[in-house]
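> In case you want the letters, here they are:
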Amino acid sequence: MRLLNFTPALLLAAAAASAKSWGGTNNYFLQSLSDEAQIAHIRELAAAGVKVIRLWVREQPADKPCEKGSLRTQSCPALEHEGSNAPDPLTLDLLDKTLLNIYNEGKGMKVILSPHDANSVYP
Amino acid sequence: MYTRYGASFYTDANAGSQYDARLQAILDYKGRHTQRVWKEFSDLIVAFDLQNEPYVGMENCAAISEAEENWVCARARFLRNTVLPPQSPIQISSGGLGGDVNKGCGTPRITVCPELDLFASESLRTAAHSRPD
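Protein chains in written order, with our numbering: chain A, 1 to 123; chain B, 1001 to 1133.
Bear in mind the hints are in silico, worked out from the structure with no lab data behind them. Remember, predicted model here, so these are calculated numbers, not experimental data. Among the hints, erroneous ones may be present.
[Stated by the list, open to error] Pulled a few chain A residues facing chain B out of the computed Cβ check, cut under 8 angstroms:
1) Leu79
2) Ile102
3) Glu105
4) Ile112
5) Ser120
For every residue, glycine included, the Cβ atom is placed at its ideal position computed from N, Cα and C.
Just chain B, with the same shape it has in the complex:
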């Protein structure tokens, strides 16, 4: 994680563009076996996650900036307005938001927008602080 942009991944415009390109590569892919273009495969695919565990690795989610909060909606807008076919029933999910509960990242605060259809939460605990719930 954070291989090129470090913690600026959620604010750097180039990182956003590169990530959008990754999402587009996945949605535009035509299945070698199904012969279906995935962004049009709504009879099987109900939703695409934007990222696996958005904000995972953040050091302090309580201090999340507005630009970082907007990251999820910026990606959702790109998919809905640029990639998905018009009127597509395929929904856009945030992916399991979260990171270390001990860094205030149990459920990070994000901007909500109409392009984001589903909200998912996925929290972790670092091993050093783990204890049974």
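Same shape as in the complex, but just chain A:
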């Protein structure tokens, strides 16, 4: 059964409620956009005052070049995939390039990193 797109994550601090609030966003395919498109988007987010972006360690499938209306030009397998004996760092490398882009262009924007594979564990 196909699930609908999930509602945006709501992040609540475990500490007592603070008067400070901040805006954040999620993007699970940012690292698969061209570097130019990534940087343009990061700059837009920073200009809009976005403080945190949540990103995922996941495959960026080459056979699915369109993700939510964006064009995927960089792809990678999942961290663990069928037939892999050890974690495959390609997905980490691709995401790390995006981290560098955010570090350089994000005007102080921070990152939350999430693994994607949910409760999948391969033999």
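Place chain B on chain A using the hints.
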């Protein structure tokens, strides 16, 4: 999801160890481009999620067992005590807890512990029961 352990993913000790190993591989990774080890990259990374949508796929979250409730804290303890550097400001988030609202999984009950810094909720509705909120 549930590719090897099925619904015992949240209770099987081997599944827990394998999952901890996955998390460790991510946190111990040294960036090919940033040249930073991610678990030490606190000037950019504010938190790591434990899982994308923990408990997603559960058939009945109202009947969640104590062992299943403890899964999130068991992972958080592993990261805080074994992987993250001492005094690291990087926080540990549950990840968007939840699954199908129609299976009582809107916000699953989990054990709260000091090693879990952030709690996130993310609920879904299966297509068969979807209707505008």
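> For each hint, tell me whether it holds in the structure or not.
Going down the list of hints, with the structure as the test:
{"no.": "1", "hint": "Leu79", "verdict": "7 angstroms, holds"}
{"no.": "2", "hint": "Ile102", "verdict": "7 angstroms, holds"}
{"no.": "3", "hint": "Glu105", "verdict": "12 angstroms, violated"}
{"no.": "4", "hint": "Ile112", "verdict": "5 angstroms, holds"}
{"no.": "5", "hint": "Ser120", "verdict": "5 angstroms, holds"}
Hint check: a violation occurs at hint 3 only; the rest are consistent with the structure.
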